[in-house]
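*Asks:* Below, each chain spelled out in residue letters.
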Amino acid sequence: EAGVAQSPRYKIIEKRQSVAFWCNPISGHATLYWYQQILGQGPKLLIQFQNNGVVDDSQLPKDRFSAERLKGVDSTLKIQPAKLEDSAVYLCASSQGGENTQYFGPGTRLTVL
Amino acid sequence: EDQVTQSPEALRLQEGESSSLNCSYTVSGLRGLFWYRQDPGKGPEFLFTLYSAGEEKEKERLKATLTKKESFLHITAPKPEDSATYLCAVGNYGGSQGNLIFGKGTKLSVKP
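As given, the protein sequences belong to chains A and B, one line each in that order. Residue 1 is where the first sequence starts when you use our numbering, and the numbers rise one by one after that. Residue 114 is where the second sequence starts when you use our numbering, and the numbers rise one by one after that.
What the hints contain is simulated information worked out from the structure, not anything from laboratory work. Where a beta carbon is used, it is the ideal one built from N, C-alpha and C, also for glycine. One thing to keep in mind: the hints can contain errors.
What the hints assert, rightly or not - Calculated lysine-lysine pairs in the DSSO-like style (CA-CA distance at most 27 Å, straight line): (1) Lys155/B to Lys170/B; (2) Lys220/B to Lys181/B; (3) Lys220/B to Lys176/B; (4) Lys192/B to Lys220/B; (5) Lys15/A to Lys155/B; (6) Lys15/A to Lys224/B; (7) Lys170/B to Lys44/A; (8) Lys15/A to Lys78/A; (9) Lys44/A to Lys78/A; (10) Lys172/B to Lys217/B; (11) Lys155/B to Lys44/A; (12) Lys62/A to Lys83/A; (13) Lys71/A to Lys83/A; (14) Lys83/A to Lys217/B; (15) Lys78/A to Lys155/B; (16) Lys15/A to Lys71/A; (17) Lys170/B to Lys220/B; (18) Lys170/B to Lys78/A; (19) Lys11/A to Lys44/A; (20) Lys11/A to Lys155/B; (21) Lys220/B to Lys11/A; (22) Lys44/A to Lys224/B; (23) Lys44/A to Lys176/B; (24) Lys182/B to Lys220/B; (25) Lys155/B to Lys176/B; (26) Lys78/A to Lys11/A; (27) Lys83/A to Lys176/B; (28) Lys44/A to Lys15/A; (29) Lys62/A to Lys217/B; (30) Lys83/A to Lys44/A; (31) Lys172/B to Lys224/B; (32) Lys44/A to Lys220/B; (33) Lys44/A to Lys217/B; (34) Lys11/A to Lys217/B.
Stated by the list, open to error - The following label-pair restraints were derived from C-beta to C-beta distances: (35) Glu194/B to Gln96/A: 46 to 56 Å; (36) Arg9/A to Ala123/B: 23 to 33 Å; (37) Gln127/B to Gly53/A: 47 to 57 Å; (38) Gly129/B to Leu113/A: 42 to 52 Å; (39) Ile12/A to Lys217/B: 17 to 27 Å; (40) Arg174/B to Leu84/A: 33 to 43 Å.
The following block holds chain A by itself, in its conformation from the complex (with noise of 0.2 Å):
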């Protein structure tokens, strides 16, 4: 069974800039996660989607970062304009349902200088 993949793996940007990130969850997967794990620190959630609804986006910086899941399958994080301490890896997890177990992906690395 194909894990979750994310992409790009690495992206070095400038304050300012923009950025977007990529998730592809495992098939059959109706939970999709966006973490943000800083170095030393463990991953944090950004915003959880059930299919294609927002279950949680209570920690997102909504004035920066948006995400969306279309057709309840891949998903997209951007940042808009990024911020030095946005340098983070940002991790998408998937599980079958809200309660259970969730898979990570390999995760994108951020820095922004």
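Assemble the complex: chain A is given as a structure, and chain B must be docked to it using the hints.
*Replies:* Coordinates of chain B only, in the frame set by chain A:
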């Protein structure tokens, strides 16, 4: 406030030297406690889920246990390939389904 604290931050063991990692948690209502392993440059890899005090689960050299306030990850006779960061997370009934609160992790190094 729901919180997860892991200790120690880093642990260095010799191959074959057994030890335990600790995860202390404060949560309004525990929906589940999760252990993940994270290798450098990779995403967390699922290990165990524990749901109630007294529950234990094993996988190869790893054994996870749960009490009402903490969980332990016991590593028996570790090998160098067990070197990784081990993350503990809790799900609570107070938050949205699926919202996991992670600790900062314990970085384990096993020397041959």
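*Asks:* Now tell me, hint by hint, if it's right for this structure.
*Replies:* How the hints compare with the structure:
no.: 1; hint: Lys155/B to Lys170/B; result: holds (24 Å)
no.: 2; hint: Lys220/B to Lys181/B; result: holds (24 Å)
no.: 3; hint: Lys220/B to Lys176/B; result: holds (17 Å)
no.: 4; hint: Lys192/B to Lys220/B; result: holds (14 Å)
no.: 5; hint: Lys15/A to Lys155/B; result: holds (25 Å)
no.: 6; hint: Lys15/A to Lys224/B; result: violated (40 Å)
no.: 7; hint: Lys170/B to Lys44/A; result: holds (26 Å)
no.: 8; hint: Lys15/A to Lys78/A; result: holds (14 Å)
no.: 9; hint: Lys44/A to Lys78/A; result: holds (16 Å)
no.: 10; hint: Lys172/B to Lys217/B; result: holds (22 Å)
no.: 11; hint: Lys155/B to Lys44/A; result: holds (16 Å)
no.: 12; hint: Lys62/A to Lys83/A; result: holds (14 Å)
no.: 13; hint: Lys71/A to Lys83/A; result: violated (30 Å)
no.: 14; hint: Lys83/A to Lys217/B; result: holds (23 Å)
no.: 15; hint: Lys78/A to Lys155/B; result: holds (21 Å)
no.: 16; hint: Lys15/A to Lys71/A; result: violated (32 Å)
no.: 17; hint: Lys170/B to Lys220/B; result: holds (21 Å)
no.: 18; hint: Lys170/B to Lys78/A; result: violated (39 Å)
no.: 19; hint: Lys11/A to Lys44/A; result: holds (20 Å)
no.: 20; hint: Lys11/A to Lys155/B; result: holds (15 Å)
no.: 21; hint: Lys220/B to Lys11/A; result: holds (25 Å)
no.: 22; hint: Lys44/A to Lys224/B; result: violated (31 Å)
no.: 23; hint: Lys44/A to Lys176/B; result: holds (26 Å)
no.: 24; hint: Lys182/B to Lys220/B; result: holds (22 Å)
no.: 25; hint: Lys155/B to Lys176/B; result: holds (23 Å)
no.: 26; hint: Lys78/A to Lys11/A; result: holds (13 Å)
no.: 27; hint: Lys83/A to Lys176/B; result: violated (41 Å)
no.: 28; hint: Lys44/A to Lys15/A; result: holds (22 Å)
no.: 29; hint: Lys62/A to Lys217/B; result: holds (25 Å)
no.: 30; hint: Lys83/A to Lys44/A; result: holds (18 Å)
no.: 31; hint: Lys172/B to Lys224/B; result: holds (21 Å)
no.: 32; hint: Lys44/A to Lys220/B; result: holds (18 Å)
no.: 33; hint: Lys44/A to Lys217/B; result: holds (10 Å)
no.: 34; hint: Lys11/A to Lys217/B; result: holds (24 Å)
no.: 35; hint: Glu194/B to Gln96/A: 46 to 56 Å; result: violated (29 Å)
no.: 36; hint: Arg9/A to Ala123/B: 23 to 33 Å; result: holds (26 Å)
no.: 37; hint: Gln127/B to Gly53/A: 47 to 57 Å; result: holds (51 Å)
no.: 38; hint: Gly129/B to Leu113/A: 42 to 52 Å; result: holds (44 Å)
no.: 39; hint: Ile12/A to Lys217/B: 17 to 27 Å; result: holds (25 Å)
no.: 40; hint: Arg174/B to Leu84/A: 33 to 43 Å; result: holds (41 Å)
Of the hints listed earlier, those the structure fails to meet are numbers 6, 13, 16, 18, 22, 27 and 35, in rising order.
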